[in-house]
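Going letter by letter, the sequence shown gives residues 10 to 365 in our numbering.
It is possible that part of the hints are untrue.
To be verified - Restraint-style ranges between C-beta atoms, simulated for each label pair:
no. : residue 1 : residue 2 : range
1   : D305      : C186      : 24 to 34 Å
2   : E345      : T321      : 14 to 24 Å
3   : D302      : Y360      : 36 to 46 Å
Unchecked claim - Straight-line alpha carbon distances no greater than 16 Å define the calculated EDC-like cross-link-like pairs of lysine to aspartate or glutamate that follow:
no. : residue 1 : residue 2
4   : K353      : D317
5   : K343      : E277
6   : K124      : E110
7   : K330      : D293
8   : K246      : D293
9   : K330      : E355
10  : K258      : D354
11  : K258      : E214
12  : K247      : E277
13  : K330      : E350
14  : K134      : E210
15  : K155      : D354
16  : K143      : E235
17  : K124      : D140
18  : K297      : E261
By construction, these hints were calculated from the structure, which means they are not laboratory data. Nothing here was measured: the structure is a model prediction, and the numbers come from that model. For each residue, glycine too, the CB sits at the ideal point set by N, CA and C.
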Amino acid sequence: MLNSIQYFNGNIHNNESKRPSVGIACRKCSPDWKQSKDIYTLINILTNGGKYDIYVVKNNRTGKISKTARIVSVMTVSITDYSEKIIASVTDGAGNIDFQELRTQLENSGIATIKKALVYFDSAKAGSVADGLKLFSYMFNEMTGKLKGIPSIGTSCKLNPACKLNQSIKGSICEHCYADTMRKTVAYKLALNTLVLCTWEFPYEMIGIVPASKLRFESFSDLFNETQIVNYLNIAKKNTHLNSALWTKRPELLHRAIVNRFNGTKPENLSVVVSSLFVNTPIDIKGKYMLADNTDMVDHVFTVYTADYAYTHNINVQCGKSICIVCGLCYSRKTEYYINEVIKDEQPKYYKLINQ
Numbered sequence: 010m011l012n013s014i015q016y017f018n019g020n021i022h023n024n025e026s027k028r029p030s031v032g033i034a035c036r037k038c039s040p041d042w043k044q045s046k047d048i049y050t051l052i053n054i055l056t057n058g059g060k061y062d063i064y065v066v067k068n069n070r071t072g073k074i075s076k077t078a079r080i081v082s083v084m085t086v087s088i089t090d091y092s093e094k095i096i097a098s099v100t101d102g103a104g105n106i107d108f109q110e111l112r113t114q115l116e117n118s119g120i121a122t123i124k125k126a127l128v129y130f131d132s133a134k135a136g137s138v139a140d141g142l143k144l145f146s147y148m149f150n151e152m153t154g155k156l157k158g159i160p161s162i163g164t165s166c167k168l169n170p171a172c173k174l175n176q177s178i179k180g181s182i183c184e185h186c187y188a189d190t191m192r193k194t195v196a197y198k199l200a201l202n203t204l205v206l207c208t209w210e211f212p213y214e215m216i217g218i219v220p221a222s223k224l225r226f227e228s229f230s231d232l233f234n235e236t237q238i239v240n241y242l243n244i245a246k247k248n249t250h251l252n253s254a255l256w257t258k259r260p261e262l263l264h265r266a267i268v269n270r271f272n273g274t275k276p277e278n279l280s281v282v283v284s285s286l287f288v289n290t291p292i293d294i295k296g297k298y299m300l301a302d303n304t305d306m307v308d309h310v311f312t313v314y315t316a317d318y319a320y321t322h323n324i325n326v327q328c329g330k331s332i333c334i335v336c337g338l339c340y341s342r343k344t345e346y347y348i349n350e351v352i353k354d355e356q357p358k359y360y361k362l363i364n365q
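Go ahead and model the full structure; you've got the sequences and the hints to work with.
What follows is the structure, encoded as structure tokens:
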């Protein structure tokens, strides 16, 4: 299968055969082909130069992934972390990973802390509460920049097909993903978190007390499966002193897990923040995912804007005026529903525009 295969109104044009299906006009073959037709290009969900990849169909005119032919082929995927590689076998469109292969790659990473964490993981699964608590403590990241002072627990965007898919969509905020270039040690730690959080539910007694006032779920990636969500909600429930917030672009997955596993209720101290996929376009989601107590599962919609758009449309930009631990808008269920930010690289331009 070649990257250069294209779909023209659902029909394949192959660079080897140089022709689409019989009777279908093609812009490469026919001067009568009309540009108004939708053209689809076969692209990778997970890129990085692996021998095989997952392919999806993208509409070249709109930049969106085709809803009628999303997953074209599912094969083994190579995820590159600088000079290191984590190999994951993706077996279906939901992105189910061969976690045993992932574990093998982690064991061969050469990182002592990763190997020690895997020992804790095995011991915890065998029933050791002490080692379960050690593993739990290891899985957190101390954040920098605007998130300074707020611990975070999350997984790897390099192992999440939903993240790679979003990165490929023209006009999406994920085109600007900063997490995809993380340093080696962080990348492997998040890969370990993916292995643990997405395959094993922490027993309640192995969930430790997080020594902080605020906690963020998923700073680098997105939700992967129901097991991960159960872990996150139980962490929030156990740590009632925390104001916690979960960021996602997959509210349907979160809602399904809350309904199936938590009787349609979520912890009082958990704020759900749905990130808008497209720049300058807040997602219309209010009231779509209701809970058992007739409250909205979604507490905030977080949207990123370009400097020019935010300035000319008088967008209320709250994010960026102070560090998150001081601001706290996203970590409360009672603050503004729509929270807005200017793309990081354009923030100096934006503040120059509003102060001129």
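Hint-by-hint comparison with the structure:
Between D305 and C186 the C-beta distance comes to about 28 Å, which sits within the given range of 24 to 34 Å. Checking the proposed 14 to 24 Å range against E345 and T321 shows it holds: the Cβ atoms sit about 21 Å from each other. As the Cβ distance of D302 to Y360 is approximately 41 Å, the hint placing it in 36 to 46 Å holds. Note on K353 and D317: the hinted pairing holds, with a Cα-Cα distance of about 13 Å set against a maximum of 16 Å.
Between K343 and E277 the alpha-carbon distance is near 11 Å, which keeps this suggested pair within the 16 Å criterion. Between K124 and E110, the direct Cα distance comes to roughly 15 Å. Compliance with the 16 Å bound is thereby established for this hinted pair. Between K330 and D293, the direct Cα distance comes to roughly 25 Å. Violation of the 16 Å bound is thereby established for this hinted pair. With a CA separation close to 28 Å, the supplied pair K246 and D293 exceeds the 16 Å bound.
Restraint check for K330 and E355: satisfied, since their Cα atoms lie roughly 14 Å apart, inside the 16 Å limit. Note on K258 and D354: the hinted pairing is violated, with a Cα-Cα distance of about 22 Å set against a maximum of 16 Å. Taking the CA atoms of K258 and E214, the gap is about 30 Å. The hint is violated against a cut of 16 Å. For the hint linking K247 to E277, the alpha-carbon distance of about 11 Å falls within 16 Å, and the restraint holds.
Proximity of K330 to E350 is assessed by CA-CA distance (about 10 Å); at most 16 Å being required, the pair is judged to hold. The hinted pair formed by K134 and E210 meets the criterion: a straight-line CA distance of about 10 Å does not exceed 16 Å. Distance restraint check for K155 and D354: the Cα-Cα separation of roughly 14 Å lies within the 16 Å cut-off, and the hinted pair is therefore satisfied. At most 16 Å may separate the alpha-carbon atoms for a hinted pair to count; K143 and E235 exceed this at roughly 23 Å.
Proposed proximity of K124 and D140 is supported: the alpha carbons are some 14 Å apart, at most 16 Å. Using a Cα cut-off of 16 Å, the hinted pair K297 and E261 holds, with the two alpha carbons roughly 9 Å apart.
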